[in-house]
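Sequential numbering from 41 applies to the sequence shown in the numbering used here.
Hints are computed from structural coordinates only; laboratory data are not their basis. All values derive from a computational prediction rather than experimental measurement. The beta-carbon is built from N, C-alpha and C at its ideal position, and this holds for glycine as well.
Derived Cβ-Cβ restraints for the label pairs, each shown as a range:
1) 343 with 42: 39 to 47 Å
2) 169 with 213: 38 to 46 Å
3) 179 with 44: 33 to 41 Å
4) 225 with 179: 46 to 54 Å
5) 43 with 114: 13 to 21 Å
6) 55 with 132: 34 to 42 Å
7) 312 with 52: 35 to 43 Å
8) 144 with 319: 41 to 49 Å
9) 243 with 103: 15 to 23 Å
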Amino acid sequence: MNKEQFKKNQPIVYRVLSNALKHNRLAHAYLFTGAKGKIKQDTAILFAQSLICSHVDEDGFACQECDSCLRIQKEESYDYKYIHGNIERIKKKDIVDLQDFFSTTSQEVGNKRIYILDGFDQATKDASNSLLKFLEEPSKDIYAILIANDKNNILPTIQSRCQIVTFRPDSVLEVKEQLKQIVDEECAQMLAMNGYSYAEVLELKEKEEFDKVREFAEAYSSHWDSFEEIGIMQMDRMVPKSKYMEKQWIRLWIQWMLYLIRQKNLDVSTYTKIQKILVESLDVLKIPVDTAMLMDQIYNRIRKVVSQ
Numbered sequence: 041m042n043k044e045q046f047k048k049n050q051p052i053v054y055r056v057l058s059n060a061l062k063h064n065r066l067a068h069a070y071l072f073t074g075a076k077g078k079i080k081q082d083t084a085i086l087f088a089q090s091l092i093c094s095h096v097d098e099d100g101f102a103c104q105e106c107d108s109c110l111r112i113q114k115e116e117s118y119d120y121k122y123i124h125g126n127i128e129r130i131k132k133k134d135i136v137d138l139q140d141f142f143s144t145t146s147q148e149v150g151n152k153r154i155y156i157l158d159g160f161d162q163a164t165k166d167a168s169n170s171l172l173k174f175l176e177e178p179s180k181d182i183y184a185i186l187i188a189n190d191k192n193n194i195l196p197t198i199q200s201r202c203q204i205v206t207f208r209p210d211s212v213l214e215v216k217e218q219l220k221q222i223v224d225e226e227c228a229q230m231l232a233m234n235g236y237s238y239a240e241v242l243e244l245k246e247k248e249e250f251d252k253v254r255e256f257a258e259a260y261s262s263h264w265d266s267f268e269e270i271g272i273m274q275m276d277r278m279v280p281k282s283k284y285m286e287k288q289w290i291r292l293w294i295q296w297m298l299y300l301i302r303q304k305n306l307d308v309s310t311y312t313k314i315q316k317i318l319v320e321s322l323d324v325l326k327i328p329v330d331t332a333m334l335m336d337q338i339y340n341r342i343r344k345v346v347s348q
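Let the hints inform the model, and build the full structure from the sequences given.
This is how it looks when you write it as structure tokens:
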């Protein structure tokens, strides 16, 4: 993580965490909320590294280069657990497994043990209740970092046991200007509107799927009433069991579709119906789902709308 950029873009968060680290005034649980994008995840990892790093800078933040820091980054530390609830919804079993993980003694030098629960605002009710019991009896030197886009979806009783750290969202215009350095203007606009950060896009852009998904959305939206086009999507483009069936690429494809339908000369009724299909599909991606079946449903539902 670029610490100078972090300090510039999130000065309040930077100062709050720096003071906690420098003066060893650490809460046992933090809730990172606010701005969408990768900034909360990157900061959570940096903060976790800073708790165990032996080479911190003058502001208390990790060097990000030593063996301890790299083990955190690679999720190889025996005293660190990152649960990716932004990919698959966090369930009760995840919390039970987490408790088992930390029931043993520390395996690393320094004894501080950390877990990050990403996307906890989408966790199941049972998972939330299990975590609440875990937080009610905090263990010495075990630190929790919860990440949530919307803290209102988290139990008030959990919030009350966390130090809430709120990230300031960049404006769409600010993000767009940043993204124009690495993608074309239309792409920058679409990504900024959907809450992508510069760091997130920089990482995604390295993968060939990034540009291909846009091509697929543009081609499909030009012939979405055609059975032949649906067949091409199924057999040649977003093929079942391919990388394109990963949730991040389906999400990006749907976001491109939402952007593209705004550019089309659709009547209000057609636009509204297609938008509803796409938005509902984005919501479905938040839970376990057969992605190939979801895509087939999108194709067929849209074809029925545009064929009327």
